[in-house]
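One line per chain: the protein sequences are A, B and C, in this order. For reference, each letter of the first sequence is one residue, going 41 to 276 in our numbering. For reference, each letter of the second sequence is one residue, going 174 to 423 in our numbering. For reference, each letter of the third sequence is one residue, going 767 to 1001 in our numbering.
Misleading hints may appear alongside valid ones.
[What the hints assert, rightly or not] To spell it out: a stretch of chain C is covered by chain A in this simulated footprint if at least three of its residues, at any positions, have a beta carbon under 8 Å from a beta carbon of chain A; those stretches are:
1) 836-850
2) 940-951
3) 968-976
[As the list claims (entries may be wrong)] Listed next, the stretches of chain B that the computed footprint assigns to chain C, with coverage defined by at least 3 CB atoms under 8 Å from CB atoms of chain C:
4) 217-225
5) 243-257
Honestly, the hints are just simulated from the structure, not real lab data. Please read all numbers here as calculations on a predicted model, not as lab measurements. Ideal Cβ positions, reconstructed from N, Cα and C, are used throughout, including at glycine.
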Amino acid sequence: MGNYFSAERFVHIFPKVISNLSVNLHIVFWSMLLGTVLGIIVAVLRIYRVPVVSGLLGIYISFMRGTPLLVQMMISFYGIPIVFGALFMQLFGINLNRLDPVIFVEIAIVLNEGAFLGEIFRGAITSVPAVQAEAGYSIGMTGAQTFYRIVLPQAFKVALPHYGVDFIGVFQNTSLVFILGVVDILGKAKTLGAATGHSLEGYLSAAIVYIAFSLLLKGAFLLAESRMKNGTAKNV
Amino acid sequence: MIELNGVKKSFGKQEVLKDVSIKVEDGEVVVILGPSGSGKTTLLRSINFLEKADSGIMKFKDKEINFKSPKKKDILYMRRHTGFVFQNYGLFAHKTVLQNVMEGLVQVQKKSKQEAQSIAEEVLANVGMLEKRDSYPAQLSGGQQQRVGIARAVALKPDVILFDEPTSALDPELVGETLEVIKAVAKTGITMIVVTHEMSFAEDVADRVIFMDGGVVVEEGKPGEIFYKPKEERTRQFLSRIIPQDAYVI
Amino acid sequence: MSFSISSFLESLQSAISYVPVTLKLTAITFVVSFFLGAVIATVRYYRIPVLSQFFAVFVTVYLGLPTMVALLLYNLLFMTFYGSFATFFHIPVPISEVNPIIIGYFTLIMGTTCSISESIRGAFRGIEKVQFEAGYSIGLSRFRTLTRIVFPQMVPILLPGMQNSLIGLLKASNLVSAISVIEVMAGALLPSLLYYSYLEGYVAAALVYWLIGIAIEIVAHYGEKYSGKYLKKTA
Chain A
41 MGNYFSAERF
51 VHIFPKVISN
61 LSVNLHIVFW
71 SMLLGTVLGI
81 IVAVLRIYRV
91 PVVSGLLGIY
101 ISFMRGTPLL
111 VQMMISFYGI
121 PIVFGALFMQ
131 LFGINLNRLD
141 PVIFVEIAIV
151 LNEGAFLGEI
161 FRGAITSVPA
171 VQAEAGYSIG
181 MTGAQTFYRI
191 VLPQAFKVAL
201 PHYGVDFIGV
211 FQNTSLVFIL
221 GVVDILGKAK
231 TLGAATGHSL
241 EGYLSAAIVY
251 IAFSLLLKGA
261 FLLAESRMKN
271 GTAKNV
Chain B
174 MIELNGVKKS
184 FGKQEVLKDV
194 SIKVEDGEVV
204 VILGPSGSGK
214 TTLLRSINFL
224 EKADSGIMKF
234 KDKEINFKSP
244 KKKDILYMRR
254 HTGFVFQNYG
264 LFAHKTVLQN
274 VMEGLVQVQK
284 KSKQEAQSIA
294 EEVLANVGML
304 EKRDSYPAQL
314 SGGQQQRVGI
324 ARAVALKPDV
334 ILFDEPTSAL
344 DPELVGETLE
354 VIKAVAKTGI
364 TMIVVTHEMS
374 FAEDVADRVI
384 FMDGGVVVEE
394 GKPGEIFYKP
404 KEERTRQFLS
414 RIIPQDAYVI
Chain C
767 MSFSISSFLE
777 SLQSAISYVP
787 VTLKLTAITF
797 VVSFFLGAVI
807 ATVRYYRIPV
817 LSQFFAVFVT
827 VYLGLPTMVA
837 LLLYNLLFMT
847 FYGSFATFFH
857 IPVPISEVNP
867 IIIGYFTLIM
877 GTTCSISESI
887 RGAFRGIEKV
897 QFEAGYSIGL
907 SRFRTLTRIV
917 FPQMVPILLP
927 GMQNSLIGLL
937 KASNLVSAIS
947 VIEVMAGALL
957 PSLLYYSYLE
967 GYVAAALVYW
977 LIGIAIEIVA
987 HYGEKYSGKY
997 LKKTA
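Just chain A, with the same shape it has in the complex (with noise of 0.2 Å):
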């Protein structure tokens, strides 16, 4: 590759870009922390039909399912600002134009995966054979109880292999956020790039970090199913 390529960049720049890998990972890990509990909130309110409210999920869902990432991030980077500036100078002083972009993509991210883990919750708390809860009321446990000590532990077997497989996209969409100059790996490699003229070893670095990455969250997902693997009810 001539002087396209060389080793001795590549051994230098790899580390740098390495170290921005704790973006990244705050990134998901905020997002999925809270995009958990948003989606938790989102299925049972949907598996529980509350009128009115369980429409206006449905067009949420369907806003954030069909449309863009990184359309998202920009209407939350753009429009939260305009929409809620005034309020927060008056109520906090605080000038939101001013704060830390990752904190429009974190809010993004949050509000796409409540939908997106919100039909996986559902789907899988609704797997679960009416079988089950009804053996739970037999033997006399309250409703709370039966969703909790019954559906719930199953319904998460069902969910686990989809929220593996969200966890990791969710890790890769964290790709974009250098767009909205949040300096992740890849902002990093294209900082590099720009500064030395040379991009193709930073490239290289972040997809090696990105697929290293990737497979190493898939590992742990398989393991973690395989040591939960028995105990889910058939439906009949």
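Chain A is fixed; fit chains B and C onto it per the hints.
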């Protein structure tokens, strides 16, 4: 018509066919009996290359095929000259009853759609399934599905039809109607090899019964000989388990 | 600052005028990827030596690579090597004349092929073995058993996943704006560049994507009903 010599087959370390040889004459109806795991189904499937035997020779009409290295065109030849009826019916799930029977006529035998349809309708009428011609397999009972499975095999006018436990997946009350259909097919004089557990059927229809156990042919003969005067101890043991004791009193 | 309806409408109009670009990018990528994905899945299903192992490793690794990273990497490689490539093959077109959408197609096809091949592999597992055997038993060749018996039965199994793939692809197609291809999102932003009306631009883009996505869902819904009719227990 069809002759197998020294057929061997192993699944991993387990030897399911240990040097099996059988011969079936033109127009003969042969029933293969034996406990499960005796290798009878594997033998039948090997003839149609649904299972690949490890070694042995098959003579069919004027062809001689080595199981060790069958040619692609020989495999296709065997499949095009034999019919197969599956234990769990094996109807094409996405095709209607009529389309199931027409598929081979049009795609393999290159008959025109019209000709294929009139053949299919005739054969379906023979098995009493013409009314259900536009139903999908999922809408039929097991017995109905198996009658269509038989019609599909018969329609292609093969030289020999292979039946792999055609009634063992059926509810008991549906076994009778299916056996009647198979008997009717047998009366047309076509060569048949039937793997089954239905003793009364074997007695009524078979020209010859082959008893297999542990991957070998233990003995063979006319149904009367095998059922009432078995020579081998293993045959006797097997029969005593599946024929009710009073059946011996004749 | 506030939300300007007139800027929004202008962006919406501009976005709509680029719908054909996005639709073409999505449709061609999907069709090509589906075909390649089916080939890879079939090769892996029949465990064809060497090729199936190669695809197994390739697909697993490649699915770890985000589309954006792949896009930037391929774009860089293209920029770097196009000159020597063009000279070698005597291609008289200068790099400035090459439409960067080629790189977009390449990137999207690579990723979509890998994910679709996994879906099709899953669908293979949903077909009973006896369906293959029944095809062989009436004398169909292996190839025709696949095309006439197995693949048609996969359609209803595949449809929900393919609908997701298609909408996912529609949404991913906007990434090519990062290598200066103008599609719905970049199109919606053209008026924004003049007036700094970015929010209006992105909302307009979102609306257009959303409507296309809903249209795909409606079509897929009818497709599912039609192709799965044989699965129903009653006529």
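Status of each hint after checking the structure:
1. 836-850: holds (count 7)
2. 940-951: holds (count 4)
3. 968-976: holds (count 6)
4. 217-225: Contact hint for the segment 217-225 of chain B vs chain C: holds, 3 residues under 8 Å.
5. 243-257: holds (count 6)
The earlier numbered hints are all upheld by this structure, with none contradicted.
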